[in-house]
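Trainee: Here is how the chains run, residue by residue.
Protein chains: 2
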Amino acid sequence: MAKLVECVPNFSEGRNKEVVEKIVDEVRKIDGVKLLDYSSDEDHNRSVITMIGAPEKIKEAVLNASKVAIGLIDMSKHQGAHPRMGAVDVIPFTPVSDITMEECIELAKEVAEEFGKLDIPVYLYEEAATKPERKNLADIRKGQYEGFFEKISGENWKPDFGPQVMNIKSGCSAIGARVPLVAFNVNLGTNDVEIAKAIAKKVRFIGGGLRFVKAIGLKLEERNIVQVSMNLVNYEKTSVYRAFEMVKMEAKRYGVPVVGSEVIGTVPMRALLDCAEYYLQIENFDINQILEKRLLE
Amino acid sequence: MAKLVECVPNFSEGRNKEVVEKIVDEVRKIDGVKLLDYSSDEDHNRSVITMIGAPEKIKEAVLNASKVAIGLIDMSKHQGAHPRMGAVDVIPFTPVSDITMEECIELAKEVAEEFGKLDIPVYLYEEAATKPERKNLADIRKGQYEGFFEKISGENWKPDFGPQVMNIKSGCSAIGARVPLVAFNVNLGTNDVEIAKAIAKKVRFIGGGLRFVKAIGLKLEERNIVQVSMNLVNYEKTSVYRAFEMVKMEAKRYGVPVVGSEVIGTVPMRALLDCAEYYLQIENFDINQILEKRLLE
Numbered sequence: 001m002a003k004l005v006e007c008v009p010n011f012s013e014g015r016n017k018e019v020v021e022k023i024v025d026e027v028r029k030i031d032g033v034k035l036l037d038y039s040s041d042e043d044h045n046r047s048v049i050t051m052i053g054a055p056e057k058i059k060e061a062v063l064n065a066s067k068v069a070i071g072l073i074d075m076s077k078h079q080g081a082h083p084r085m086g087a088v089d090v091i092p093f094t095p096v097s098d099i100t101m102e103e104c105i106e107l108a109k110e111v112a113e114e115f116g117k118l119d120i121p122v123y124l125y126e127e128a129a130t131k132p133e134r135k136n137l138a139d140i141r142k143g144q145y146e147g148f149f150e151k152i153s154g155e156n157w158k159p160d161f162g163p164q165v166m167n168i169k170s171g172c173s174a175i176g177a178r179v180p181l182v183a184f185n186v187n188l189g190t191n192d193v194e195i196a197k198a199i200a201k202k203v204r205f206i207g208g209g210l211r212f213v214k215a216i217g218l219k220l221e222e223r224n225i226v227q228v229s230m231n232l233v234n235y236e237k238t239s240v241y242r243a244f245e246m247v248k249m250e251a252k253r254y255g256v257p258v259v260g261s262e263v264i265g266t267v268p269m270r271a272l273l274d275c276a277e278y279y280l281q282i283e284n285f286d287i288n289q290i291l292e293k294r295l296l297e
Numbered sequence: 001m002a003k004l005v006e007c008v009p010n011f012s013e014g015r016n017k018e019v020v021e022k023i024v025d026e027v028r029k030i031d032g033v034k035l036l037d038y039s040s041d042e043d044h045n046r047s048v049i050t051m052i053g054a055p056e057k058i059k060e061a062v063l064n065a066s067k068v069a070i071g072l073i074d075m076s077k078h079q080g081a082h083p084r085m086g087a088v089d090v091i092p093f094t095p096v097s098d099i100t101m102e103e104c105i106e107l108a109k110e111v112a113e114e115f116g117k118l119d120i121p122v123y124l125y126e127e128a129a130t131k132p133e134r135k136n137l138a139d140i141r142k143g144q145y146e147g148f149f150e151k152i153s154g155e156n157w158k159p160d161f162g163p164q165v166m167n168i169k170s171g172c173s174a175i176g177a178r179v180p181l182v183a184f185n186v187n188l189g190t191n192d193v194e195i196a197k198a199i200a201k202k203v204r205f206i207g208g209g210l211r212f213v214k215a216i217g218l219k220l221e222e223r224n225i226v227q228v229s230m231n232l233v234n235y236e237k238t239s240v241y242r243a244f245e246m247v248k249m250e251a252k253r254y255g256v257p258v259v260g261s262e263v264i265g266t267v268p269m270r271a272l273l274d275c276a277e278y279y280l281q282i283e284n285f286d287i288n289q290i291l292e293k294r295l296l297e
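Note that the protein sequences, when read in sequence, are chains A and B. In terms of this note's numbering, the first sequence has 125 at position 125, counting the first letter as 1, and numbering is strictly consecutive. In terms of this note's numbering, the second sequence has 225 at position 225, counting the first letter as 1, and numbering is strictly consecutive.
In short, the hints are calculated from the structure, not lab data. Please read these numbers as outputs of a predicted model, since none were measured by experiment. One thing to keep in mind: the hints can contain errors.
Computed, partial: chain A to chain B, Cβ under 10 Å [claimed, not checked]:
{"id": "1", "residue": "Asp37"}
{"id": "2", "residue": "Met269"}
{"id": "3", "residue": "Leu291"}
From the three backbone atoms N, C-alpha and C, an ideal C-beta is built for every residue, glycine too.
This is chain A alone, in the form it adopts within the complex (with noise of 0.2 Å):
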């Protein structure tokens, strides 16, 4: 089998269709990349593109979108309810087939390089890390845009690549290698928005909550709820529906039923199986009983 890897990048536009058109096309054009989804949230302002590929068109791809993305974007204009430091916000690397995370961990560097070359400052971040306090993405995104502009010339922050200073139309990037990460949001019957939030930080694991979960809390201003929009970090360890029950349970405390969710971008069969194994109370299950599961044998 071929080295794939996934790469998942996260622009800071998501209510401009043209602009995401052109960031999108820059992935298309690259034969042996494969364009498995994308999708932007108005609220978030937000779009992500997720590809799977050979490393060295992955890399193409991912370059050629972001400098779309720097010309076309500009962070001193933006607005959106998702935390965000960069017009090219973060750019995780996930091995998938054939490919070590040593090897994810090298094309992150080598993008980031690219990157500095472009005035952007990179900090790597998970398994790229080159510090314990930039492992977690939250941390380096603390304060966003509009605070890195300070925090950027604390010793701590020098930048991994590039200047160490912010870039005011670009901001600053995170760029990195990680396991693959299922984004997931339960959407509450509220429209207040700090209950929400309350929950996010009874869910997360810095909050006391679960293992590998972050999360927040935000509003849908068009739907006039709210979400607790998660990222499960080791969807194996901290499964979904763990993550889905804990928010319910939290929720009723408020008396607040769980409307919905939404799980974004690709997600491992598995992660969802689980879930279905879980309720039906299924014994013994084998991945091996999925029909198509014998396909990717």
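Dock chain B against chain A, hints included.
Mentor: Below, chain B without anything else, positioned relative to chain A:
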């Protein structure tokens, strides 16, 4: 998208391994067709091959295998315990993913047409049936090979393809399309088999229950519990979770808990993902978000 169809042809040879291997070899030869399983039964004198792949590839594989079977099997000398009417006794096509029942019916017709060109009478059955009395395979096969020399001349039994005269060497064939069956059992925390039987009656179609559920109640002697054993004959319309929840609901009146469930044999990914979607209340989920699904493209 990767259209996937499953095909499970039944051949009237289960004793001569050399012949069986030659038939199976034709499936092995086709790139893009996955041979999931094959087994022969000496008493039945019959072999069953399970394969999965893209419709065009499956068509090629099953036609090539059939031609070898037609060349090597002489029905005028065939004896076996299992009802049969032809060398290639029956070919069902089942939609697995990204393919409609209509496309599987079309595939059945295309293969049937090729059989007709080989002077083999063919009856389309199940979803592909052209008359109500041809829906059920057992109704078509009644009288078997020996009886068909007379049966075929009846007005009602004019074949859908091929001549209205029996092929002495190869007999006749049934070719059709059907939905995959999910074998799903729910275990109850009681040793009273009457409770399982009563619930089975409520849940199944003939008892006023769910349209596509067949069910019986039985005892699991070893574990000293009882089970509602179900066949879900159309999991797209009667989902696994609905059958599960209905058993749970009926069990409540007896104060009996559901202690577990079992999925028997292979199951299409979609059947279980539907359950994850339901319980997690996922909005707008697209099966293409499943990473493995995209790798099958």
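Trainee: Each hint should be assessed against the structure and marked as holding or not.
Mentor: Results for each hint:
1. Asp37: holds (6 Å)
2. Met269: holds (5 Å)
3. Leu291: Result: holds, 5 Å to nearest chain B Cβ.
In summary, this structure violates none of the numbered hints.
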